[in-house]
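Residue numbers (the working numbering), protein chains in the order written: chain A, 1 to 275; chain B, 1 to 249.
Please note: incorrect hints may appear among the correct ones.
[To be verified] To be clear about the criterion: a stretch of chain B counts as covered by chain A if any three or more of its residues have a C-beta under 8 angstroms from a C-beta of chain A, and this derived list gives those stretches:
| hint | stretch |
| --- | --- |
| 1 | 58–64 |
| 2 | 69–79 |
| 3 | 97–104 |
| 4 | 148–156 |
| 5 | 187–194 |
| 6 | 216–229 |
Simulated from the structure, these hints should not be mistaken for laboratory data.
For each residue, glycine too, the CB sits at the ideal point set by N, CA and C.
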Amino acid sequence: MAMSETLSYLRRGRVVRRHSWRYTIMACLPLVVLLAAWELTTRSGLVTPFMLPPLSAVFGRIMEDAASGELASAVGTTLWRALAGFGISAVGGIALGILISQYKTVRWFFDPIISVGFPMPKIAFLPIMILWLGLFDVSKITMIAFNAIFPVVTATIAGIEGVEKQIIWSAQNLGASRKRLMWDVLLPAALPQILTGLQVALPIALIVGILTEMAMGGYGVGATMQTASRMADSPGVFAGIIEIAIVGYVLVQAMAFVRRRLLMWHPEALDATAA
Amino acid sequence: MAGLTARLIRYSPLLILAVLWQAVAQFGLVARSALPPLSDVIKAWFALAATSGFWFNAVDSLYRAFAGLALAIVIGAAIGIAMASSKPVRAVLNPIVEVFYPLPKSALIPVTALWLGFGDTSKILLIFLGCMLPVTLGAYNGARGAEQTLMWSARSLGASRLRMLMDVVFPSAVPEILNGIRTALATSFVLLVSSEMIAARSGLGFMIGFLGDGGNFDAMFAVVFTVAFMGFIADRLYQYAMARTLQWR
């Protein structure tokens, strides 16, 4: 569930999806005030530029990095790792979820592993991952997938198991094979839940991606920020925050868009408050 | 008795994995430096547990997680309820929450280190900032879902605005707040361990990095699994407490 939907109180009860211009401007106002307050505080000398560099300096840094191509390479590297890990966890998680829901032996084996592994702070295994797979992309992407796969698996199982029995019986009565039942009935009916699982997994992939870059270096926004922090280069640190905040926001919105497109047939699309 | 057998069958895959680990390491199928035998890791854990340093680090970590979480819960819930019950507050905070929610919280580690250094306060601030929004959203959604009929009844009985908040809005927000706290609890462990690995001089996360750099892998594995199981146990205890709290429903 994307937060924009959770929070857009103005939409409640109305069957409109587009906001008016006035609404958009009103919604941006607190952010503009916040950013202006940032710039003014730093100019007034209340805080040192080391603690909080002026917003203009941070934007200047972002522009510099954009012009030199460093911005594109850092954001691109981080995105590639996060999305590769997310892709593996999506495909692997849905496949594993299907297998667990269909085969008793698979369920017996994975059930305790998932229920113990899900709440663990798996980031603690990072040094072991470095020991096994080295410092480069492979270990970072593996770590991202390892963290992001749990919500996908549990959402897939819950989705498939939540499908109404009557629908399954009808399909079986009509002579659907096990494979047809999975592809034509169970997976489409479980799709909303699976997408929710993916919407949980995507931010995790980004968080862990940044963490692996901070801990292991090797380019990317996390590594750039960590270097800037070590060199006491605060504009660099804050430029990283703003860059990654925008990346996070765009990814979350893109995921919500994919959900709307994939679930156009689903009753939830008709509900203006939920879509 | 039947319950015990069922539980044994249920958790036997974990036992199988443990045996497999021991066997693979014992028979030299993988290098000892990549995977020390489980028995050696357990031995290393007991050796660590006999030192005071291990416990000091554990207490440091737990203090940071607890303080950060407590702040996140109190302030986060207050903000969420304020947003649900006051239109101006909502208009101001709604866009800010919406923009900050998708920010990968780990990106705050260098900022809190820049502001507050490598000590406790930077970790507490990090955990507070990283864990507040799930609680805020839980409180907001829960308080907004307070049934109108309950509000009307309370108002017609002459309840003041404060009484309404305390006796109607807050109780109906509790289940969602508790859900938000569960997310926050998991996030707090991730942020704690990673910030201690990246920017700290004490704590269990710092110990993991320190032991790993020193090539003491038996002990490193022992601390990694200690931290992992602490997160697991915290979640289970929390779920148990949550079930007890929500018995009235």
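- Provide an ascending list of the numbers of those earlier hints which the structure does not satisfy. 1, 2 and 4
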